[in-house]
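K.L.:
Sequence:
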Amino acid sequence: HFLLEEVDQSFAYGYRGSLLSRLAVASLHLQNYDIAKRCIIERRISHRSSMLPLESAAIVRGLLRCHHTMEAWEVLEDELSLPLEGSVQWENSEENNNKRNKNEMNDDELHLEDESIRRRLEARDKLVHRARSISSIASRHFYEMEPTEGINAVGKLKEMGGIVHQAGLTAEDVGIPWDRLVKGAALCESKRRDGAWDDIDESEDAATSETPSSWPCNIVYTVLDAMIAFPSENKDVTFEALCNALVRRTVFVTGAVDMEGCPEADRGEVAFIGRSNVGKSSLVNMLTNRKSLAFTSKTPGKTQQFNYFAVNDKPELARQIRYGDDVPGEKDRDSFYIVDLPGFGFAKVTQQLRQQWSDFMDEYLQERETLQAVFHLIDARHGPTDEDIKIMQKVGTILGAKQQAKEHCAKYIIILTKADKNVKNAKSQSNPGKVSNKVMEKLIVTMKENRVGYAPIVLTSSETRLGRDEVWKYLRFAAER
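Residue numbers for the sequence shown follow this note's numbering, so the first one is 1 and each next one is one higher.
If you're looking for bench data, these hints aren't it; they were derived computationally from the structure.
Keep in mind that the hints are not guaranteed to be accurate.
[Claimed, not checked] Under the rule of at most 30 Å between Cα atoms (straight-line distance), these lysine-lysine pairs were calculated in the DSSO-like manner: (1) K394 <-> K424; (2) K473 <-> K434; (3) K473 <-> K191; (4) K442 <-> K424.
[Stated by the list, open to error] Cβ-Cβ distance ranges computed for the label pairs, FRET-style: (5) E146 <-> K411: 28 to 36 Å; (6) Q304 <-> D386: 33 to 41 Å; (7) S190 <-> E5: 49 to 57 Å; (8) E159 <-> L19: 29 to 37 Å; (9) N152 <-> E5: 34 to 42 Å; (10) E441 <-> K191: 49 to 57 Å.
Cβ atoms here follow ideal geometry from the backbone N, Cα and C, with glycine treated the same way.
I would like the entire structure built from these sequences, with the hints used as guidance.
P.N.:
Laid out in structure tokens, this is it:
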């Protein structure tokens, strides 16, 4: 009563607004929403110019704890609104070097410069607390088993990615608990697989945007989208949670040596190809968080057939394959195949068998309609070899012809492996891997010469776990087919 009724704006040396925010948070902690609401309104009316993002974020969290989610959104959009594009632009080193020295500025110019820096710092602070607050809202919805609202909140988070990069913020600056969001979304997806929301689709008055049929094949993919939009944190705990949610079961299905040996084309698939010993199996194991999904060997050319691994198939598929039992159940909606292709170059095989692989690959790229992405692995230390160039030529010719004919065409992605080998003690440093300018220039020229200059390039390392989020960006194409 004293703070709301008996003092004016100048009370406490002008910090009445901050005291009101603390009173609002304390009231929410005691479940007294009426007093909290009065504090929020009074602060907004009388102290708007001095409101701090940290205080607004604390109020949002307090409202969420009391299950006042709509009010939390209202505070967020009013007090932590998205800064205008350009207002958070942080100068790069070139712009900084071109600026005049402060000793050369007059008082008015110094004041304008200091004011500009202050405004940008405030905008960046607001951006950080907005992102954290939205992640709190999304997390609350997921753990309260409200997937639609959680998906919408994560979508708001994804929209912020561009301006976060523009502001020059790092993953550590923003500090979003991605692992908690992933686990919350995974809980909702688990309930969905158990049929928790099946009856919503049957309701005649259900809005299209509210029904499970409008959700992605796995709710966790919405969190992955937002993660990719933000600066990468590359934390093991986050990606272990992600892989456990997206790859729940894996089983080796078959090793094909021709198209007749491929399994039924009843789901999407992705293929990994590259010269021998480039690290295909290690990369597949890293992406699926498995130690031995694909066989890893120091002997070049160990993979000598098109190895099919089923992801998220029915639980007892392995028993069915091994013993021929008729096992009940169906594959999950986000099931897909990972195909580990033979390594070219060092494989100790006959020329006849090498030609069979090449012919099989031609037919596979041309006819396998369920193929969604082709990952071409190239050693980041050396760049494209003669074998890599042959693969590019093959892909450029076959997929290029399909594109011109406007047929379904798989996405082609260049994966640079073993990037940690270019950095001394990469595991203990902030730089988990890199590629030299010479290798990158050689790669880009080679790609253009072979009509695959459009392909995205992803830098990876199975040792430092670099590039996991970027590769999953394309892996999901198979699950979503």
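K.L.:
Which earlier hints can't be squared with this structure?
P.N.:
1 and 6
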